[in-house]
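**Student:** Produce the entire structure from the sequences given, and follow the hints as far as they go.
First residue of the sequence shown: 66, per our numbering; consecutive thereafter.
Below, simulated DSS-like cross-link-like pairs (lysine-lysine); rule was C-alpha separation at most 25 Å, straight line:
{"id": "1", "residue 1": "Lys158", "residue 2": "Lys188"}
{"id": "2", "residue 1": "Lys265", "residue 2": "Lys217"}
{"id": "3", "residue 1": "Lys93", "residue 2": "Lys292"}
Honestly, the hints are just simulated from the structure, not real lab data.
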Amino acid sequence: MEILPIILFSACSDSDEFDFDDIDDSSKQRTVYYDGTYYIPYTTDNYAYKFSEDGTMIWKNEIQYPANVITESYGEKTELEYKRRPSIALFRKNYALHFMPSTNTTAQVVRYTYIYIYTPDGKLVKQITYDENASIYSWTNDVILVSKDSRKTYWVSSTGDESEFEHKDDIVFYNTYIPISNIGYVTFQSTNFLIGNFQKGNNTSVLYEFMYQKYKKDFQYEIISAKVQEPDVIVDINVKMKNNEEYNHTLRINYTTFECEEID
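**Tutor:** Here you go:
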């Protein structure tokens, strides 16, 4: 499964003065939409944060790392370090942190990775242990998406209940991704655009094919923004011709049929 991580964090020191302005621009773009508001989750080495889109800090909770010494089922003790900053994903109210050890166990298999689910005030709801690495993604409908190295994918609820689900094609995320409930997602970066429909598969060509039919050749385009407006994805793009003429277009793409039309 090809997974391009989208929850990355720049090195940033923790202090009492840390605020929204200290977050790198790329992380500020990784917003999570709930109840009409966009939120920005963030972690440093010591704290987990939730900000509103205008930069207001909603909460700040100290990170408690997993224990360093693990007792195997056969009695042997394994010492692991969890110094790496955890990934974060938001539910509607709760949040999840994913911890991965910075030391590998036998056979170079990453084991004892954890998802901890917390309430907004930092109280532990549930600890989930995996014998493999996993990636976590903020989603919608009060769930997060968990993708494991074993190619298994799960919905995890805000109370820690897991349910595996099938998807036709590999899950691929570019820099920006927008969930479409439990149907799929849209993801893009510069000229790369993909609509992932869990049942029907991935479509990476619909936008390019539409623009090619319009301009035939000698054009370049850049995706400016996208949003979900059920049952469609609305995409704003800029087009630059070989003669340096530039155009802006807004397209409507149905995320079930992949039909595309220009609306502006």
